[in-house]
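Assemble chain B onto chain A, guided by the hints.
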Amino acid sequence: MELVALKRMELTYVFLEMKHLSKVYGGKKAVDDFNLSVAKGEFICFIGTSGSGKTTTMRMINRMLNPSSGSIELEGEDVLKADPVKLRRKIGYVIQNIGLMPHMTIRDNITIVPKLLKWSEDKRNERAKEMIKMVELPEDYLDRYPSELSGGQQQRIGVVRALAADQDLILMDEPFGALDPITRESLQDFVKDLQERLGKTLIFVTHDMDEALKLATRIVVMSHGKMVQVATPDEILQHPANEFVENLIGKDRLIQAKPSITTVGQVMYNNAVSITPGRSLKEALKLMHEKRVDTLLVTDDMGILKGYVDIEQIDYNYNTATSVDDVMTRKVFYVNENSIIRDTVERILKRGYKNVPVVDQDKKLVGIVTRASLVDIVYDALWGEPDATAHTKKEPVTDIKEEQKVGDGKP
Amino acid sequence: MITFIQTYGGQLLYKIWQHIYISGIALALGVLIAVPLGVMLTRLKKASTVIIEIASVLQTIPALALLAMMIPIFGIGAIPAIVALFIYSLLPILRNTYLGLNGVDPSLKDAAKGMGMTSLQSIIKVELPMAVPVIMSGIRLSATYVIAWTALASYIGAGGLGDFIFNGLNLYRTDLILGGSIPVILLALLVDWLLGKLEVQLTPKTTSHAKL
Numbered sequence: 001m002e003l004v005a006l007k008r009m010e011l012t013y014v015f016l017e018m019k020h021l022s023k024v025y026g027g028k029k030a031v032d033d034f035n036l037s038v039a040k041g042e043f044i045c046f047i048g049t050s051g052s053g054k055t056t057t058m059r060m061i062n063r064m065l066n067p068s069s070g071s072i073e074l075e076g077e078d079v080l081k082a083d084p085v086k087l088r089r090k091i092g093y094v095i096q097n098i099g100l101m102p103h104m105t106i107r108d109n110i111t112i113v114p115k116l117l118k119w120s121e122d123k124r125n126e127r128a129k130e131m132i133k134m135v136e137l138p139e140d141y142l143d144r145y146p147s148e149l150s151g152g153q154q155q156r157i158g159v160v161r162a163l164a165a166d167q168d169l170i171l172m173d174e175p176f177g178a179l180d181p182i183t184r185e186s187l188q189d190f191v192k193d194l195q196e197r198l199g200k201t202l203i204f205v206t207h208d209m210d211e212a213l214k215l216a217t218r219i220v221v222m223s224h225g226k227m228v229q230v231a232t233p234d235e236i237l238q239h240p241a242n243e244f245v246e247n248l249i250g251k252d253r254l255i256q257a258k259p260s261i262t263t264v265g266q267v268m269y270n271n272a273v274s275i276t277p278g279r280s281l282k283e284a285l286k287l288m289h290e291k292r293v294d295t296l297l298v299t300d301d302m303g304i305l306k307g308y309v310d311i312e313q314i315d316y317n318y319n320t321a322t323s324v325d326d327v328m329t330r331k332v333f334y335v336n337e338n339s340i341i342r343d344t345v346e347r348i349l350k351r352g353y354k355n356v357p358v359v360d361q362d363k364k365l366v367g368i369v370t371r372a373s374l375v376d377i378v379y380d381a382l383w384g385e386p387d388a389t390a391h392t393k394k395e396p397v398t399d400i401k402e403e404q405k406v407g408d409g410k411p
Numbered sequence: 001m002i003t004f005i006q007t008y009g010g011q012l013l014y015k016i017w018q019h020i021y022i023s024g025i026a027l028a029l030g031v032l033i034a035v036p037l038g039v040m041l042t043r044l045k046k047a048s049t050v051i052i053e054i055a056s057v058l059q060t061i062p063a064l065a066l067l068a069m070m071i072p073i074f075g076i077g078a079i080p081a082i083v084a085l086f087i088y089s090l091l092p093i094l095r096n097t098y099l100g101l102n103g104v105d106p107s108l109k110d111a112a113k114g115m116g117m118t119s120l121q122s123i124i125k126v127e128l129p130m131a132v133p134v135i136m137s138g139i140r141l142s143a144t145y146v147i148a149w150t151a152l153a154s155y156i157g158a159g160g161l162g163d164f165i166f167n168g169l170n171l172y173r174t175d176l177i178l179g180g181s182i183p184v185i186l187l188a189l190l191v192d193w194l195l196g197k198l199e200v201q202l203t204p205k206t207t208s209h210a211k212l
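Just so you know, the sequences run in chain order A and B. Per UniProt numbering, the very first residue in the first sequence carries number 1; after that it's consecutive. Per UniProt numbering, the very first residue in the second sequence carries number 1; after that it's consecutive.
Hints in this document: simulated from the structure, not taken from any laboratory. Treat each hint with caution, since some may be false.
Unchecked claim - Short derived list, chain B residues pointing at chain A, Cβ under 8 Å: (1) Ser107; (2) Asp110; (3) Ala111; (4) Met115; (5) Met117; (6) Thr118; (7) Pro129; (8) Met130; (9) Pro204; (10) Lys205.
Don't be surprised by glycine CBs; every beta carbon is placed ideally from N, CA and C.
The shape of chain B in the complex, shown without the other chains:
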């Protein structure tokens, strides 16, 4: 293992960075688009089933196929990979945002409206804070998917830890396969743990005592 790090250490760090960069941007875009879209869907009951259906269909396209489909449009490299992974990240976040907001106690929404909050005020002050745990679990799920699938992105020349894994497969080198996949697993676990911390931070307090 020490020799592996001595030989590939610099390259490994670079690939980890690429991996974080690709999955991070894809996920960030996913959050930026899916959360507001999910909120909007709660106000458009009819459109919501259609749009969530479409997102579900996108989810069923095999990851490799989706990545390949990006090549005619965006060519090869990081950009098509980011776009494909972004599409993948949408559904869990979208669905959880939608379900999270819909799951907020109707009497709270009724009280908010009845006291004279506008729809936007109700969303920002009441519904989103109450839905944070559900939305965050959607984001955490997406993050795990995206980090895992970024490994596939190496197929379309995006780089990342997938390069190690596919090289290892081609050359029948177990050390390269492990050297690529173990960091992917660790990265996914780390990101999930960090997002878990963030979830606790974002979830509003409901008691005056500190939670243990």
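Only chain A is shown next, with the shape it has when bound in the complex:
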């Protein structure tokens, strides 16, 4: 029963499915057994070095190339049996060299596919206006020619041209490779917005890992025609499948990514020294001496963090108090073991704590982060590139709370 239900769900879920896709050129396999299911609204990046088969794979989807074997289904229909011309009119297509027709106005360029689909002139004009609005260019640009636009503007038009006939699937072949970094970034934001806001499904070929990490919901890493890894950007950063993927990501990026994907639990020391509140100050002092620490964390019998006691407090109250409970500080700064290092490092450092206890979901003490372990993290983060500091400045953290004073603790 459950299996049937699952199958059915899968049927509606899969938008584009490629199975055992291969392409052979003169005995050499350019694409070898490619398998991928794409859900509607996904942003898939194919990444790989040149000759990895990423563009070849993409071009088989709209039959610009015919596969040597395997199957492609788009919305449940066999692409390989479809009329290639009709198929291509349903699929948006953006290429690296922009490919705007130099002898057509922007209006005519945008409405090429609607015209092929024989839309009425009014409808075409209306669509051209919508599209020019979408790229935030003035309407009178519709009557200009491509040569009168900047490269970035041209590629924006190239992108909306691929949407003008309501295509749900858009193929992009290194569309921003030839643009300067600033223009590229704004276009990346633009296409990401298209995917998120309009729910378009994108297959995006790139050789730029930054671009893939920024845009993709899933990344397909390819090498010599084979799929090496299919995973979300976070998964790829955390667990690169092999050395090839690691190299593709680059050492710098892996290090830089570390603070943003490493959790506190991964770097803490597990051997936090703790004591229960019922113990005497003498016992506490002895423990400090044994473990050679100046602070003890106080937990109850269940291991729940209650506070801390340091050598100063013990020294000051040694003659007047008897148990740890009498002198401990109940207000303690702690972090959750699942919080991300990037979000916590700055907080910890700014507050000037020497040690910060780490707790799990139930506030049970699980470890401790010392300044030494933080130094390692910060060192790694800064080591890669000089601008890594900007990278660590992100929105403030919510995982860290300061425990409210319970009862009337001594100063």
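Just chain B now, with coordinates in the frame of chain A:
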């Protein structure tokens, strides 16, 4: 010169008309056949080298010999001349059409195909408009050749300005030679200029400002 025009004026006009008529038909046929053939060749990569080779060989046959070769088939007069000149006009137009279409930015052809244009739509909407300057320069070259060689057609009784020139040569009359060859030169220049105008007209605009 005035006396020359007074004496031969009517005849000159008639010969000019014959000249235009013969070269015009030959060239028009050449365009009608060579442009579509050139387009077809871009879709038949293998056949293209063979056919362009054949056209090149035809081009190497001396003009007079080709004209003479037409006599057993078509007899004498305007028709064999038109056929021979048509064969001559083919190569430059064919080659330029082929090269012009092949020279269109591959990414434009890729975009056209990728957006769902049929091969014919791609040719008509994208490739031919982009190739107009190259194709037109082939036509202009052919036109100049054909007008010049039409003068030879008088040898096989086709008429035209060649009659003046050959009469002048036979009679050793410089005025007749010049009276025939100067109009040929002027005609070639005029046609080239007119075709140049046509080329500008046919070349699609790529900016919204008028070109100077």
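Checked hints:
{"no.": "1", "hint": "Ser107", "verdict": "4 Å, holds"}
{"no.": "2", "hint": "Asp110", "verdict": "6 Å, holds"}
{"no.": "3", "hint": "Ala111", "verdict": "3 Å, holds"}
{"no.": "4", "hint": "Met115", "verdict": "5 Å, holds"}
{"no.": "5", "hint": "Met117", "verdict": "6 Å, holds"}
{"no.": "6", "hint": "Thr118", "verdict": "6 Å, holds"}
{"no.": "7", "hint": "Pro129", "verdict": "5 Å, holds"}
{"no.": "8", "hint": "Met130", "verdict": "7 Å, holds"}
{"no.": "9", "hint": "Pro204", "verdict": "3 Å, holds"}
{"no.": "10", "hint": "Lys205", "verdict": "7 Å, holds"}
Hint check: no violations occur; every hint is consistent with the structure.
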